[in-house]
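A.B. asks: Residue numbers (my numbering), protein chains in the order written: chain A, -2 to 372; chain B, 48 to 117.
Keep in mind that the hints are not guaranteed to be accurate.
[Said to hold, decoys possible] Heads up, simulated BS3-like pairs for lysine-lysine below, C-alpha to C-alpha not over 25 Å straight-line:
hint: 1; chain 1: B; residue 1: K49; chain 2: A; residue 2: K327
hint: 2; chain 1: A; residue 1: K327; chain 2: A; residue 2: K148
hint: 3; chain 1: B; residue 1: K92; chain 2: B; residue 2: K49
hint: 4; chain 1: A; residue 1: K99; chain 2: A; residue 2: K327
hint: 5; chain 1: A; residue 1: K152; chain 2: B; residue 2: K49
hint: 6; chain 1: A; residue 1: K99; chain 2: A; residue 2: K146
Just so you know, these hints were derived from the structure itself, not from any lab.
Listed below are the residues making up each chain.
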Amino acid sequence: MSALRSPQATLPRLLADGLPPLELPRDLVGLVRDAGLRGRGGAAFPTATKMEAVLAQHGRRVVVANGTEGEPASSKDRGLLRVAPELVLDGIAVTAAALRAKRAIVAVAHDAPELQRAASRRRIEIVRVPGGFVAGEETALVDTLSGGKGKPTLKPPFPFERGVGGEPTLMQNVETFAQIALIARFGAAWFREAGTHDAPGTALVTLKGAVARPGVHEIELGGTLEQVVAQLGGTTTQPQAFLVGGYFGGWVAARDAASFRLTPDTLGAGAIVAFPEGVCPIADCARVVRYLSGESAGQCGPCVFGLEAIADGFERQDFAPLLRWTAMVKGRGACRHPDGAARFVESALTVFSDHFAHHTRHRECRLRDEQVLPL
Amino acid sequence: MKELHLDPIACDGHGLCAELFPEGITLDDWGFPIIEGAVPPALEKQAQRAVSACPMQALRLHAARLQRSR
């Protein structure tokens, strides 16, 4: 297939308007594989592999676009659905056709009038679901859409085997579908014109904290954190560190920003927060840890009691047992919620180690207690 | 070789399993079982006892198989 040229060779690709009509390419899955697209919801799993897994199953296949965006530091999915709903719907339509799916659903946890309007002309269901940090987890959303309580379930069975209504289900983040629509139109080679060999394409990020231009931006993958933040307008004050990948990601010390690469793996769902000098990171991280503990679905003991113990330790400034507990909760829930929370805490302990030592000794610090990390 | 699997949603942390099969199960700081996984043939009987004793039926012992990648 000879690829059409994009109307613009530069960014933005995802937030652009007025694209030509989309036809189903002969081998969509092959194109997505050649493009090297990986999921943009946080797990960075190869999209084509997921599509093939669903295709190999028999049943009334379902395609779900996850637009619930429960991560408080992220607003890129809502931004995308507001600015380019047609692109997301194109990606869903072409994927549903390639998978010969019987149902296509967009799940959102917020009002999405632009999406509703755009979907009125298509056979794609828009389903409003309850929000929450864990509610958007793949099996939890499958459970909600199947009429359940919206809690994570045990895997296996995986959604590709038994998903919505017990049918083989492909669930992808809404941005992933927008990327599929672009790949279907312009081809895998065009997709790879942006980014690097190992981290091809572009991604949406939500930039917050001490930055000149907070908000949703599209970036080329593979660049360093320092380059990308500079391209997006830079910081307003000297940051101590950056949180990359939201609350399932990790802290990057400011001195490492020049070597830290933004790839699907490190970016997660694309939230980047520049944490300014002069603000106490421990007080702010303590709030996030308490929040994550409260967002546990409440099903698995190590998550319920472990995250609570970690949050308590943070607030009591009793940091000594934290690493024992983060190691203890990892891999022990039905979903990865405890793992993500543990990673957040471990990276805070590493990047802010001097500050933790100061708090252990003096139990207070001279920095401002200010909320930078959104909840 | 057999493998011991825990359903963390079903598990309520009664802790009987760790008493009956200490070679393969320890308890974390909150009383929930940490499972070793692989069960050598010599210990299968103890493992099976732990499985049978669980009031929530949260433990399963089955033939070891390759883990799925996802």
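A.B. asks: Confirm or reject each hint.
C.D. replies: Okay, the hints, checked on the actual structure:
Of the pairs offered as hints, the one joining K49 (chain B) and K327 (chain A) holds, with about 23 Å between alpha carbons and a cut-off of 25 Å not exceeded. The hinted pair formed by K327 (chain A) and K148 (chain A) meets the criterion: a straight-line CA distance of about 19 Å does not exceed 25 Å. In summary, the hint linking K92 (chain B) to K49 (chain B) is supported, as the alpha carbons are separated by about 11 Å, within the 25 Å threshold. As the CA atoms of K99 (chain A) and K327 (chain A) are separated by approximately 37 Å, the hinted pair breaks the 25 Å bound.
Only pairs whose Cα atoms come within 25 Å are accepted, and K152 (chain A) paired with K49 (chain B) is accepted, the gap being roughly 19 Å. With a CA separation close to 24 Å, the supplied pair K99 (chain A) and K146 (chain A) stays within the 25 Å bound.
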